[in-house]
Amino acid sequence: MSRIIEWLKTYREFIRVGPFFVLNLMLVLSALLGGLNLSISLMPLILSMISLSLAWNFGVIVNDYYDMEIDRINYPNRPVVRGALTSTQLKLLAISHIIISLIIAILVDIFTLIYISSIIVILFLYSVPLVRIKKTIFATGVIGFICGMAILIGGSVSSYSAENLYMALWVTIGISLLGPIKDFKDIEGDKAEGMKTLPILFGIKKATYILMGFATFSVILGITILEFLLQKPILASILVIILGIATIILLELNLKEKIDPRRAHNITFILLSFCLLSFFL
1 MSRIIEWLKT YREFIRVGPF FVLNLMLVLS ALLGGLNLSI SLMPLILSMI SLSLAWNFGV
61 IVNDYYDMEI DRINYPNRPV VRGALTSTQL KLLAISHIII SLIIAILVDI FTLIYISSII
121 VILFLYSVPL VRIKKTIFAT GVIGFICGMA ILIGGSVSSY SAENLYMALW VTIGISLLGP
181 IKDFKDIEGD KAEGMKTLPI LFGIKKATYI LMGFATFSVI LGITILEFLL QKPILASILV
241 IILGIATIIL LELNLKEKID PRRAHNITFI LLSFCLLSFF L
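Anchor point for the sequence shown: position 105 equals 105 in our numbering, and the numbering is continuous, going up by one each time.
The set of hints was computed from the structure by calculation and includes no laboratory data.
Predicted model only: the values in this text are computed from it and were never measured.
Some clues are possibly wrong.
Said to hold, decoys possible - Derived pair list, reagent style DMTMM-like, types lysine to aspartate or glutamate, alpha-carbon separation capped at 25 Å: (1) LYS191 with GLU252; (2) LYS196 with ASP260; (3) LYS134 with ASP190.
Using the sequences plus the hints, can you model the full thing?
Shown next, in the form of structure tokens:
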């Protein structure tokens with residue numbers, strides 16, 4: 001029994017509460033947007049959330065596996081680094097996540113299986129040395145893609161509507177474009193690891209202005225979708241405009257070193273998630 005408890009404690013270290021919550025929140029909101037009928041779709045909803053969570057955690061485990069050497073210096077308390085798990089056990093854990101996640105996805109429907117499979121593939125490519133999207137300028141696009149897939153899974157659980165598809169499109173693009181805010185945190189460390197982020201490629205000032213442009217584009221895209229394609233009330237667009245203004249202010253504060261980049265990133269992420277309510281108006 002003590003060995004099981006110790007293993008569960010070790011496994012808990014692979015769980016990232018923030019992404020778990022946000023991804024499943026987006027899934028549930030999308031399901032509600034599609035007209036979720038709990039008397040019919042409660043079990044598929046629960047199964048899809050479990051499948052999505054396992055697929056995400058597969059990505060965390062794979063990332064830890066390929067980052068073992070780096071983590072020996074930067075994160076010596078990670079399970080595999082300190083010897084709580086062997087590299088073989090980590091591989092088996094990752095494989096088990098793939099198998100269970102896909103089996104559960106099959107039980108929901110074919111579309112959920114396709115979306116979950118896509119998430120697993122992109123998370124593998126994010127970390128595997130041969131491709132290593134993590135080190136490219138497209139790294140935040142992976143997070144945007146997964147959030148978009150979470151929304152499509154939610155639509156699959158209920159019934160697709162134009163709102164589901166447009167929400168997935170806007171979230172994918174918005175998160176992909178605004179995600180690099182966090183890259184201002186440790187520029188020297190990222191350089192040492194061979195990362196290609198906006199601040200490294202263009203410098204802090206130019207990267208800030210580029211992100212301000214991205215924020216403006218995200219607002220214009222959101223307004224276009226809400227006002228012209230979905231014909232939502234003006235309040236919906238106001239929420240998106242608030243997101244854009246807040247993001248630009250946060251970027252300006254970051255440029256003046258008056259706010260931590262990761263905090264600015266988290267605030268932007270929360271505001272973007274809040275803006276999803278505009279699709280319900």
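Hints versus structure:
| no. | hint | result |
| --- | --- | --- |
| 1 | LYS191 with GLU252 | holds, 23 Å |
| 2 | LYS196 with ASP260 | holds, 20 Å |
| 3 | LYS134 with ASP190 | holds, 11 Å |
Of the numbered hints given earlier, the model fails none.
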